[in-house]
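Enquirer: Take a look at the letters that make up each chain.
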Amino acid sequence: MRKIAFALTIVAGVVFTSCSSDDNDIVEQAATPTCSDGIQNGDETGVDCGGTCTPCKSGGENTIENPTTYAFDRDGTTTVDFSGQTTRLKMGGEFVSALSDNMRTAEQLQAMFAHEAGNADFTDVDLNASDKSIKSKTAASADFFGGNATDQAAIRADFDGWITGQVEEVFVNWETTAAPGVAGQMPHGEQVRYINAKGLEYNQMINKGLIGALALDQIVNNYLSPAVLDEGDNRTTNDADTMEEGKSYTAMEHMWDEAYGYLFGLNTDAANPLAGENDGDRFLGSYIGQVAEDPDFSDLLTASYDAFKLGRAAIVAKDYAVRDEQAKIIKAKLALVPSVRGVFYLQAGKNALAEAVPNYGEAFHALSEAYGFIYSLQFAQDSTTGKAYFTKAEVDALLAQLLADGENGLWDVTPETLDRISESIATKFGFTVAQAAPEAI
Amino acid sequence: MQRIWGIVLVMTLIWACSSDNGSGSGMSDDVDPGPGPTAETFARGPMLANWADNIIIPAYTDFSERLSGLSAELEAFKAESSEANLVALRNAWLEAYKAWQHIDMFEIGPAEAVGLRLNLNSYPSDTTIIESYASKGTYDLKLPSNRVAKGFPALDYLINGLGESDTIIVAKLGSETAKTTYIAYMDAVLKDMRELSDQVLSEWQQGYRDTFVNNEGASATASVDRFVNDYIFYYEKFLRAGKMGIPLGVFSGNTLPGNLEGYYDNDISKVLFLESLNVSQDFFNGKHFASDAKGESLAAYLDALNAIKGGEDLKKIINDQFDTAREQVTALGTFREEIENNDPPSNMLLAYDEVQRIVPLLKVDMVSAMSISIAYVDSDGD
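Just so you know, the protein sequences line up as chains A and B, in that order. Just so you know, the first sequence maps onto residues 1 to 441 in full-length UniProt numbering. Just so you know, the second sequence maps onto residues 1 to 382 in full-length UniProt numbering.
Only chain A is shown next, with the shape it has when bound in the complex (with noise of 0.2 Å):
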């Protein structure tokens, strides 16, 4: 049921920075349920109502029913589009493969992450047509960096660094065998994977960044944040249900629905994604499955799904508290995509360098990984302090360690290290290694 849309203008470089965070969060990140915590916990049967608090009114102002699916209409209608988040997820896919196809220039595929309308970078002719790119969404959130070009121009500079490393250094190379300081290809069991002199596969470097550069940045930085939902006269607007001009939802709810695209976008069935399946999408909502695969974090999805509903039926309710509750528990949740992932992957590198004849090919791809995503906590939010898990440069130090056990980078990387760099982030997110890497033995 998706919409052809026009293009939504989500006022990427509008900046309202420390919009002093709305102070009705006094509330606790308690243990303990409360009737006022702004979620159905405990034995309450509504949000903070029912059970043990007060009865629940029907139809009153503190019931929100969560409804079963990702769907709202309005007289008939649905009130849900979130097409321009679909249209970059693809984007992102027809990129990402390219980043393989060594015919590729640095041009091509930089024409690609910064598309421009009507240019023919795709095969898909309607990404060709579409006036979105990946890179104008790439460290492009309000909370982080509305006031904070200085990082964003270094993030922006690390991706474009990343292609044309892989067209300069590995491309060049294609036909050559890959050894320590030098460029080319690695077996890795029946695949073949293209690394760099120090032992990184470019690709992957940059796929597993935009997921959090892109699609965790946005979610969770932008159209999650108070000061985007609350933007301008976005609260008067959906109290007295005006719709955005010719459209058939609020302004504040499409801000809502945006982030949920960039998760559920390109899900087979996007208003009930635990029944549906991932239909190419190579961000977050590829790697949310997986590691909710873990049985540590096996309500990964469905607490994320849930809060993301709540808070969508809590913004038709006109339930700010409500709202940005789910907004935080959302951010809590998706923060352990890059953190659990990305600590699973350099054990996965130990394990595999630990073998009796040390497996390379496995252990460069895993660390590959693991480097994209250590680069996407950056873009972590903690929403009890609503900022940065990491800090940039706490994320490039852990990264510089990743490389610094010797002159060729990953060829010489040690278990301390990795498991060093694991215990770092593991503590930070308030998980085990062992949590995130089960299988690690």
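Careful: at least some of the hints might be erroneous.
What the hints assert, rightly or not - 20 Å max Cα-Cα, derived SDA-like pairs, lysine to any residue:
(1) B:K142 x A:N359
(2) B:K237 x A:E190
(3) B:K237 x A:N359
(4) A:K135 x A:T164
(5) B:K142 x A:V357
Stated by the list, open to error - Sample of chain A residues with no beta-carbon within 10 Å of chain B, all distances over it, derived:
(6) C35
(7) N66
(8) Q108
(9) D131
Please keep in mind that the hints were generated in silico from the structure rather than gathered at the bench. All C-beta atoms, glycine included, are put in the ideal place defined by N, C-alpha and C.
Place chain B on chain A using the hints.
Expert: Positioned in the frame of chain A, the structure of chain B alone reads:
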């Protein structure tokens, strides 16, 4: 199409299929000792020695000889490019391919280090690359991306796949230009195969044998634990899935006859499968290479552990299942006929199910009796 009815596989069933004497089935002699105090008295060292000295090294030695036999036939064909010499070349190729089935599972130590399996037998081959290299004359066969353009599958294409009849193939391979194209490429492919396998054999002969046998403990890094993992992985992925399940479409939902091992020959996929199945069962029983003698084995290990399943001897259950799988597969037509002429290929799917039934017996029952943990996981390939 030329059909080469190569060697007819005469594998007499040694374990006289003592079909379950149905009498006992009703009355369970429930004296199941359970996972009780059956102390492990089995010595793993002699089993490792039996594997190395009576199975692995003789199989590598034989394989090396078959490859030199193949080289000799290629030389003969070069000297006289006749149809008779093409047939002789093809037979030598098939003999070597069957000998390969005897070492394929031993992807441990030297073979693992050079990646022998994927260097010698990655299929389906990429015939576009093969044609381009053969005509160009410049290539680096050591590149990982060229694994799909060399080894047995490349020879399959060059010996069997260049034309509809031997007359056409001989015309192509026997031409003057072929000397610097197809034939030169075959030479290079064969040289690469011999270098890699000779390297593995010499490492087994010069030290790795002792490394392997002396690592006789019981831990995740001990030889038995590691090799049992490799053995089951081989059975599950390369025998069951590679030779049967993938071409049958069990995993993809679409039949893929082009993914058969030895596709261009038409007739040998089943022959190679059965060879490999026999090798797997012989290994389980510790049967010496090219001999009926037996030594210490996984079967003997299960005996020592008194392993039973549902009141029955686990060793016998496993051997019976190998026999059942073999019977079912033997009764099939060639794999290409089964897959290409039947939609769905029901008989081959039924046979596949019997082949599959061995997996849990090895991967669950056998290893738990031996306290070996399965360490491999199929990676997602992303």
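Enquirer: Each hint: holds or not?
Expert: Here is what the structure says about each hint:
1. B:K142 x A:N359: Answer holds: B:K142 to A:N359 is near 17 Å, not above 20 Å.
2. B:K237 x A:E190: holds (12 Å)
3. B:K237 x A:N359: holds (19 Å)
4. A:K135 x A:T164: It holds: about 15 Å lies between the C-alpha atoms, which stays within 20 Å.
5. B:K142 x A:V357: holds (19 Å)
6. C35: holds (44 Å)
7. N66: holds (32 Å)
8. Q108: Label holds. Min Cβ-Cβ 22 Å, cutoff 10 Å.
9. D131: holds (31 Å)
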